[in-house]
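Trainee: Just so you know, the protein sequences line up as chains A and B, in that order. In short: position in the first sequence from 1, add 1, done, that's the numbering used here. In short: position in the second sequence from 1, add 22, done, that's the numbering used here.
Careful: at least some of the hints might be erroneous.
[Claimed, not checked] In silico negatives: residues of chain A with every beta carbon more than 10 Å from chain B:
hint, residue
1, 139
2, 360
3, 374
4, 416
5, 470
6, 479
[Unchecked claim] In silico negatives: residues of chain A with every beta carbon more than 12 Å from chain B:
hint, residue
7, 70
8, 144
9, 337
10, 341
11, 412
12, 414
[Unchecked claim] Restraint ranges, calculated between C-beta atoms of paired labels, are given here:
hint, chain 1, residue 1, chain 2, residue 2, range
13, B, 136, A, 410, 38 to 46 Å
14, B, 111, A, 182, 18 to 26 Å
15, B, 178, A, 205, 24 to 32 Å
16, B, 47, A, 410, 18 to 26 Å
17, A, 229, B, 28, 52 to 60 Å
18, A, 294, B, 71, 21 to 29 Å
19, A, 395, B, 159, 54 to 62 Å
Don't read these hints as lab results, they were simulated from the structure. Glycine residues also receive a C-beta, built at the ideal position from the N, C-alpha and C atoms.
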Amino acid sequence: MGVMRRLLIAGAAATVGLAGAAQAETPKYGGTLNFVVGGNAPSFDGHQESTFAVIHPMAPFYSLLIKVNPENPSDPTAFVCDVCVGDVPKATDGGTTYTFPIVKNAKFHDGEALDAHDVAASLNHVMFPPEGVLSVRRAMYEMVESVKATDDYTVVIKLKYATAAFVPALANPYNWIYSASKLEADPNWYKTNIVGSGAFKLGEVQAGASFTGTKFDDYHVEGLPYLDGFKAIIAPKQSLRVQAIRGGRADIEFRSFPPKSRDDLIGALGAEQVNVQESTWNCNLSVSLNHNFPAFKDPRVRKALTLAIDRWGGSKYLSQIAIMKTVGGLIYPGHPWARSDEELEKIPGYWRDVEKSREEARRLLKEAGYENLSFDLVNRNVDQPYKIAGTWLIGEWKKIGVKASQRAVPTGEWFRSYRETKNYEAAVTATCQSIVNPILDLANNLSIDRSPQNYRDYINRDLDAVYDKAAKATTDEEAGQYMRDFEKGILDDNAHYMIVLWWHRLIPHRSYVKGWKVSPSHYLGQTLVDVWLDK
Amino acid sequence: MHKYLIKRIFMMLPTLLGAGIFIFFLLRMIPGDVCLVRLGGQGGFVDPAAILACQQQLGLDQPLLVQFVTWFVSFFTLDFGVSMWTAQPIIQEVGLRFELSLQIAIMATLISIAIAIPLGIISAVKQNTWVDYLVRTFSIAGIAMPSFWLGILLILGILLTTQWWSGIPWLPPITYVPIWEDPARNLLQLIWPALATGYRYSAVATRMTRSAMLEVLREDYVRTARAKGVMEKLIVNRHALKNAMLPVITVIGIEFAFLMGGLVVTEQVFNLNGLGKLFVDSVTNYDYAMTQSLVLLVAVIFVITNIVIDVAYAWLDPRIRYS
Numbered sequence: 002m003g004v005m006r007r008l009l010i011a012g013a014a015a016t017v018g019l020a021g022a023a024q025a026e027t028p029k030y031g032g033t034l035n036f037v038v039g040g041n042a043p044s045f046d047g048h049q050e051s052t053f054a055v056i057h058p059m060a061p062f063y064s065l066l067i068k069v070n071p072e073n074p075s076d077p078t079a080f081v082c083d084v085c086v087g088d089v090p091k092a093t094d095g096g097t098t099y100t101f102p103i104v105k106n107a108k109f110h111d112g113e114a115l116d117a118h119d120v121a122a123s124l125n126h127v128m129f130p131p132e133g134v135l136s137v138r139r140a141m142y143e144m145v146e147s148v149k150a151t152d153d154y155t156v157v158i159k160l161k162y163a164t165a166a167f168v169p170a171l172a173n174p175y176n177w178i179y180s181a182s183k184l185e186a187d188p189n190w191y192k193t194n195i196v197g198s199g200a201f202k203l204g205e206v207q208a209g210a211s212f213t214g215t216k217f218d219d220y221h222v223e224g225l226p227y228l229d230g231f232k233a234i235i236a237p238k239q240s241l242r243v244q245a246i247r248g249g250r251a252d253i254e255f256r257s258f259p260p261k262s263r264d265d266l267i268g269a270l271g272a273e274q275v276n277v278q279e280s281t282w283n284c285n286l287s288v289s290l291n292h293n294f295p296a297f298k299d300p301r302v303r304k305a306l307t308l309a310i311d312r313w314g315g316s317k318y319l320s321q322i323a324i325m326k327t328v329g330g331l332i333y334p335g336h337p338w339a340r341s342d343e344e345l346e347k348i349p350g351y352w353r354d355v356e357k358s359r360e361e362a363r364r365l366l367k368e369a370g371y372e373n374l375s376f377d378l379v380n381r382n383v384d385q386p387y388k389i390a391g392t393w394l395i396g397e398w399k400k401i402g403v404k405a406s407q408r409a410v411p412t413g414e415w416f417r418s419y420r421e422t423k424n425y426e427a428a429v430t431a432t433c434q435s436i437v438n439p440i441l442d443l444a445n446n447l448s449i450d451r452s453p454q455n456y457r458d459y460i461n462r463d464l465d466a467v468y469d470k471a472a473k474a475t476t477d478e479e480a481g482q483y484m485r486d487f488e489k490g491i492l493d494d495n496a497h498y499m500i501v502l503w504w505h506r507l508i509p510h511r512s513y514v515k516g517w518k519v520s521p522s523h524y525l526g527q528t529l530v531d532v533w534l535d536k
Numbered sequence: 023m024h025k026y027l028i029k030r031i032f033m034m035l036p037t038l039l040g041a042g043i044f045i046f047f048l049l050r051m052i053p054g055d056v057c058l059v060r061l062g063g064q065g066g067f068v069d070p071a072a073i074l075a076c077q078q079q080l081g082l083d084q085p086l087l088v089q090f091v092t093w094f095v096s097f098f099t100l101d102f103g104v105s106m107w108t109a110q111p112i113i114q115e116v117g118l119r120f121e122l123s124l125q126i127a128i129m130a131t132l133i134s135i136a137i138a139i140p141l142g143i144i145s146a147v148k149q150n151t152w153v154d155y156l157v158r159t160f161s162i163a164g165i166a167m168p169s170f171w172l173g174i175l176l177i178l179g180i181l182l183t184t185q186w187w188s189g190i191p192w193l194p195p196i197t198y199v200p201i202w203e204d205p206a207r208n209l210l211q212l213i214w215p216a217l218a219t220g221y222r223y224s225a226v227a228t229r230m231t232r233s234a235m236l237e238v239l240r241e242d243y244v245r246t247a248r249a250k251g252v253m254e255k256l257i258v259n260r261h262a263l264k265n266a267m268l269p270v271i272t273v274i275g276i277e278f279a280f281l282m283g284g285l286v287v288t289e290q291v292f293n294l295n296g297l298g299k300l301f302v303d304s305v306t307n308y309d310y311a312m313t314q315s316l317v318l319l320v321a322v323i324f325v326i327t328n329i330v331i332d333v334a335y336a337w338l339d340p341r342i343r344y345s
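For reference, chain A alone in the conformation it holds in the complex:
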């Protein structure tokens, strides 16, 4: 894949000026960062939750074993130690053993020393949760055999098989390090309490309203953080979050705003007062076709529907009104394994000549006997980007004579219809991941009896075999090649799944906020360790 495309996709081009400027400037100490969060956290336990509303206000309180490189969060393959020493260790024993030396100066905010037993207990809490404890990401660690503290400052993780999926999975931003003694006393203690070892300690929680953090003087990285503290203000209404930045009540929002809000902020405050950081988002907008619906059992019909979509044109126009932009396949477009534009253009549905594409779609529908196809498209009753995309897709399909009726329903019903009851014909769906980890991210395309996340409900043993080779490949190159074959099998040969466009993160913030760099996910890079205020 071209280096330029990767740079552009990862948002580096959008932030390079800022990064360059930040490097030239000397960080200043002090100040309080105010930011708005568009959701209310469920419990406080990151191991048990999966929403950004937990990450944004609470990540600054915690450390991780390893994390995405804060210097270059756009690179989906770069990881660094947080409470381990040196670089992320290379695997030994044929790729099945990782040995992590743990820092000796880390402390929890209540004064308790952090050691290898805390790290092991925390990872076991995620990977092998005790009875009665929920672990949302447990299934991501099927490759892990054991996590042990071999002494006070060494953690050894043994895998059942070598896999390129492990290190990114370990860097998951929810894998907060908890105190082993607290977990032992009550494995659910962290649901209602916050005591971490991150750069900030808890100030005050106003349930449903705000979280404040103050600088932790004993943070294990000398000289950090720069800020005296932060305040996370919960503000579910997007228009208010925009006005809060405009009116000086907040400095930044870390999830994303639609293009219109970015333009409004720049218009109101002027380009000098607002910096905008952008990145392709590790979230894609997709269409799931229920393979049990008679028409969608036929791969020709599925292929016709994907052929009808003008992704390149859609990217150009939809990106002006919605949080979608990048054309891509199944693999995150900024990842080294992802297809280049030239390679994508060979896959049906990605051809540049949209008329040729639609002609082929009509031919396939006629051949399959579904010239007057009509179906129900269930969608989430949320504008950005679901309903915008749904409305646009209906127009695209209409151009090949297909009639789709959009049914926008509340979130719970939407999930239930396509995930639980599978009582749907077609659905606008979305997949949002934190760490870019193609092997795990694409597991939802395995056969239904292998992956309950396969909401299309199909079985394809040939593709399962290709995936297994990728998952157990011992080198990145080998894994990458198999994943690309797997991707082609899903998108091209069988048209099992349809990626419409990848989401696009737009973070307009006050220009005095420095040191924060956009990443491919709104879950990453939220410890605020490197953030400082130039005012």
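Add chain B to chain A, keeping to what the hints say.
Mentor: Then chain B, alone, in the frame of chain A:
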């Protein structure tokens, strides 16, 4: 009167029971549940085993009848349980918001009374004059204008005015501080939503005051007073106003109860962490335990408000006696 009050308090029980049964089963008719939204809401990796574990943790895997009996018995022993979303005690979550909602309700009611009663009286006394037309236009505009929309206009107006005035846009505070901690900041935040809701609320009360006053001013005893040469000011204030207040108090009382839990959109617009926002959050998040408790809380507020209104009737009109 005492007997009446005790009887009314006991009458609350079947009302609450009915509301409880109704909301419990109504909520469960909505497809989806809190675990699906909590764990899968972001579209990321969701382990079905985790969803099952979550449902077991919250008792959602139990038969409906078992869930209902467990909840209802707990409720009547004043054990409100914990929120299915935040895992925090419901009593604590509601308590936090109650204070803010109560303050807004009181402020909006005071603003409303301050506007409605003088305007309603003037409008009635000056019936069919330009003053009456002006007041009626003002009040009809209030009824026609949703308070959340007025709130949005207020916010935009403040931002634009301050930017025009000082070059720096200013937004009222968006996080709550109790009035005894920082009165200025508290009022700076709450005065705007209180104005937006108070205006709308005053519009209804103004109309009611006007029509009640018009009716009373046509009564025989008012005509008699006028015939005896009593000053118009005394007629209005002493003879007419008190008698015209009965329907006005009903409206004010019901609106007050509504404000305690019904400022659903206005609270969102001003980012107020009150009961209305909690209602929206709990319904959106399928937090059955919280929604049920809030519905019953609002039912209690309405019942108590109605009792207070009835007592106020007896105070205003000595002819009314309850037994």
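Trainee: The structure should be examined with respect to each hint, and the outcome stated for every one.
Mentor: Hint check:
no.	hint	in the structure
1	139	violated (6 Å)
2	360	holds (34 Å)
3	374	holds (27 Å)
4	416	violated (5 Å)
5	470	holds (21 Å)
6	479	holds (24 Å)
7	70	holds (21 Å)
8	144	holds (15 Å)
9	337	holds (21 Å)
10	341	holds (26 Å)
11	412	violated (6 Å)
12	414	violated (4 Å)
13	136/B - 410/A: 38 to 46 Å	holds (45 Å)
14	111/B - 182/A: 18 to 26 Å	holds (25 Å)
15	178/B - 205/A: 24 to 32 Å	holds (31 Å)
16	47/B - 410/A: 18 to 26 Å	holds (21 Å)
17	229/A - 28/B: 52 to 60 Å	holds (57 Å)
18	294/A - 71/B: 21 to 29 Å	holds (28 Å)
19	395/A - 159/B: 54 to 62 Å	violated (45 Å)
The structure is inconsistent with the numbered hints 1, 4, 11, 12, 19, although it conforms to all the rest.
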